[in-house]
Structure formats: structure tokens, C-alpha cells
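Chemist: So you can see what is in the structure, the chains are spelled out below.
There are 2 protein chains.
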Amino acid sequence: MISVVILGAGNVATHLFKGLNKAKDVSVIQWYNRNLEAINPYKNLVDITSDLNTLKKADVYILAVSDDVIATLSSKLPFDNRLVVHTSGSVNIHDLDKKHKRGVLYPLQTFSKHAEIDFKNVPICIETIDKKSYPLLKELALSLGSPTKRVNSNQRRVLHLAAVFVNNFTNQLYRIGHEITESESTEFDLLKPLILETAKKVQEMSPYMAQTGPAKRNDKKTIKAHLGLLQNQEHNEIYKLLTDSIQHTHGRKKL
Amino acid sequence: MISVVILGAGNVATHLFKGLNKAKDVSVIQWYNRNLEAINPYKNLVDITSDLNTLKKADVYILAVSDDVIATLSSKLPFDNRLVVHTSGSVNIHDLDKKHKRGVLYPLQTFSKHAEIDFKNVPICIETIDKKSYPLLKELALSLGSPTKRVNSNQRRVLHLAAVFVNNFTNQLYRIGHEITESESTEFDLLKPLILETAKKVQEMSPYMAQTGPAKRNDKKTIKAHLGLLQNQEHNEIYKLLTDSIQHTHGRKKL
Chain P
50 MISVVILGAG NVATHLFKGL NKAKDVSVIQ WYNRNLEAIN PYKNLVDITS DLNTLKKADV
110 YILAVSDDVI ATLSSKLPFD NRLVVHTSGS VNIHDLDKKH KRGVLYPLQT FSKHAEIDFK
170 NVPICIETID KKSYPLLKEL ALSLGSPTKR VNSNQRRVLH LAAVFVNNFT NQLYRIGHEI
230 TESESTEFDL LKPLILETAK KVQEMSPYMA QTGPAKRNDK KTIKAHLGLL QNQEHNEIYK
290 LLTDSIQHTH GRKKL
Chain U
50 MISVVILGAG NVATHLFKGL NKAKDVSVIQ WYNRNLEAIN PYKNLVDITS DLNTLKKADV
110 YILAVSDDVI ATLSSKLPFD NRLVVHTSGS VNIHDLDKKH KRGVLYPLQT FSKHAEIDFK
170 NVPICIETID KKSYPLLKEL ALSLGSPTKR VNSNQRRVLH LAAVFVNNFT NQLYRIGHEI
230 TESESTEFDL LKPLILETAK KVQEMSPYMA QTGPAKRNDK KTIKAHLGLL QNQEHNEIYK
290 LLTDSIQHTH GRKKL
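Sequence order for the protein chains is P and U.
Counting in my numbering, the first sequence runs from 50 upward without gaps.
Counting in my numbering, the second sequence runs from 50 upward without gaps.
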């Protein structure tokens, strides 16, 4: 049985609590948050606290808090030589106070407040400073049903960067699609099946193989017409840059 | 019963044939392609031909061919005053020879050669020059099980442009994610659940509401670190431009 204390009350903390609380061989023995109100709804399921001095002894302390408070919170913990991990894609593992055994459990997924999460769709990247901490963190991630991957600091950084491209930037392209369709009083809804199919396609096929469209086939007439339609200067630049990028990937010359 | 002749042998033509061939109240009476070999496997299911002069009389002729041959092929058809439609997002409806009744059936989806298509996930945008042609094309699209939407030329153009953003450009962001992860010997596979979740999220929620990440929360430290990691100049530019775009959408100042 792995005993766990969770610290923080955001989306990641809440989904981790729910996942770990029903996992076999794991016991969430306490949930800390600076402000008790946020975790009060869970008080019948777990011991809650807002006082770091009352933290119980556990096998692992999970700091699922904002990037900018990880270092401070880890320093304030009133104990040492226990396993303390954060859940961030971008924060250095060495930002955790060196009085602790240190690790990272980085869930490579986007969490919404209300949507239920199935942890089998949440790959968990595990990083540790000392090798001995790894098996316990792996067991913890597996108990959630997550795929796991051991990574080093560079790999975690790069996965977080790639996640910004495929998640935040992709979502911004959806947003631009929304703006463009609304500009002619048509419906973003018409694009939704295409959005889903585009994401499904690369589950089976490389993005390289999946590419189609005017940039790929160097259809200059369509590209020119599209640039003419794009009055928004920023959308115009994004169109040009991504068209160039596709053409470089597929061995065409610059526009 | 609507009688249909399909012209062309690409992905769209083939999926339309398969969909219409099993649709109620539709009879695909003939399939034309310049080169018989491509459609020969279907000769037991439908009359096939490579000779325009043998085309049968039908209620609608669907030109599912490359954009650049639509005009020529429509001129070569040895009849007039019948309903002839193309399936392109970008070709002008007036590119069809004016001797015909003219229309467009634009399926707003990406078609793969081998993957089966469920037409309920293929919105079909319908454009016609004369109003009388519309009900028949709508009936045809509905017989496939597709959602349908009547559009004008501007709306179709704009939908095609938006489709390039959410399909081709998004796929290029996946490709960049692939390149970035491989550069540190980690696995693109780890990003696949995130890619799918990002697409699923906007099925229920606007892209505006779905946005998260360093650009949205103006996390300058992470943005700077990411730009430092991106040695590839083009990826660097794309990062900056899409970060700016997110910040404009969400009311932050330029970097």
C-alpha cells in the first residue's frame, strides 16, 4: 500500500485525488490546500488540512500546484528525506528543495475542471533524481491505469514544448477557424467532424503521411486565393508560415 | 429513386460511390473514369466506362475529380441542361460549363484511401445556381446520412479556408510535435492522447473557452525557455506567431 499526500486544489490535484482515491494499493491519507474551502467538499473522503505542520507521514507527497509556487512550497515542508514530487512539464526537478528525495510525475494531458478523466488516456512521464525513487512512482502511475514513461529533464522539457504545439497552438488554429467561419455567417460546427478526424488520423498514421491540401500539393492558385481572403494580417502571416513549413517538410520550394 | 453517374476515381469519388451505392432511393447507374483500371474492381457492382460518349442519362452527374480538370471535363460532357455538380471546396461553381444546371456537393471532411467513412461525420455543403436543383441535392446528401448545409459561394470558400487551418495546418503542428519529440529521442506516441483530447474538447466547448497554456496565462518564463529550446528557426517563428495570436485573442499585450 502506497500512502500519498496531495498538495494543491487545481484541476490536476483534483483529478489525481479522484484517480488515486479509487486506485488499488494506494491510500490518499491527506489533502492539503492553503485555502480549505476548495477541498472542503472532499472532507468525508479524506483528511483535509491547510496547515503544513499537520502533514502526516507518507510515502510520497504530490505537489500539484502552480509552477511558480513549487519551489517555495517544497522548502516550507516541515520534514526532509521523504519523496516529494511535482507535476509540472516545465519546472526543473532541482527547483524542489534538496532536503527531499525528488521526483516528477508529469501527466501529459489537458485536464478540464468538470470532464471526467480516464487515466488510461493520460501518459505519465516519470523523472527522479535518485534511481531508488523510480519504482514507487511507476507503481503509483500504473495504479491509476496510466501508460508510464521514464524521462530525463531534457525529454520532459521537450515533451512539454511539443504539447504546446499539439494542444495550445492547435486549439488556436481551431479558434481561427471559428473566426473565419463566423466572418461569413457560417457555422464552426461544420468543422467539428473534420477536427476530430484529423486528430484520429495521426493515431494510426504519421502526421507526415497524413498531410493533404493545397500546401502539400503546391496548389498555387488556391494558396493565392486563400491569402486574398485573409484580411486579418495575423491570420495571413500564420497561413504563409504554416504553408511554408508544410512545403519544407514535403520538399517543395518556398512560396 | 435518384439516378447518379459518378466521374473520377480518387478518394472522394470512391467513398461517394460506396456510400451512394448502398443508399436507399439512390441508384448509381454508371461510373466513369478516363482510365478504366482504377474502377475495374467495381465492375460487378456498377456499369463502368472510360468513354464520355457512352454516358447514360441520369438525374445528377457528380464530378469528383481534381480541381484543375473540373472545367474541361464539364465542357466535354456530350449533353446539356442536366444537373452537373463538382465536389471541390475551392473551385468556382461557374467553372462548370454553363450549358449545364450547376451545383456543388462539398463534403467537409478528410478522406483516406483505405479508412472506411461514416457519412454521418461528413457534413455536405450544398451550393446551386438555380433554386430548383437544391432539393434533389439535399435529398442525395441526406440519403448518405450526412448533415447538410446550404451555402453560397463565399461561405463555401471560407469553409474551405477554415478547413485548411483546422486540418492541414493542425496536422503540420502534429508533425512539428513529432520532430521535436524525436530530437530528444522520446516518443511522439506519448502525445497522441493529448491530440485526441484537444480535438474532443472543442466538440463541446468553444476553442476560446478551451484554451490553456503558457501563452494564455502569459507565463513569460516558460515562453522564453521554449524559444531557447527551439533551434529550428521556422519552429521558433511559428511558436512566436501563435503565442502572439493566442495573446491577442485573450487580450494580452504583444510579447
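Please note that the accuracy of each hint is not assured.
[Unchecked claim] Taking lysine-lysine and the DSS-like style, the derived pairs with C-alpha atoms no more than 30 Å apart in a straight line are:
(1) 249(U) to 162(P)
(2) 147(U) to 269(P)
(3) 125(U) to 269(P)
(4) 269(U) to 265(P)
(5) 147(U) to 125(P)
(6) 265(P) to 270(U)
(7) 125(U) to 289(P)
(8) 147(U) to 249(P)
(9) 269(U) to 148(P)
These aren't lab readings, by the way, just hints derived from the structure by calculation.
Chemist: Would you list, in rising numerical order, the hints stated earlier that this structure does not obey?
Modeler: 4, 5, 6, 7, 8
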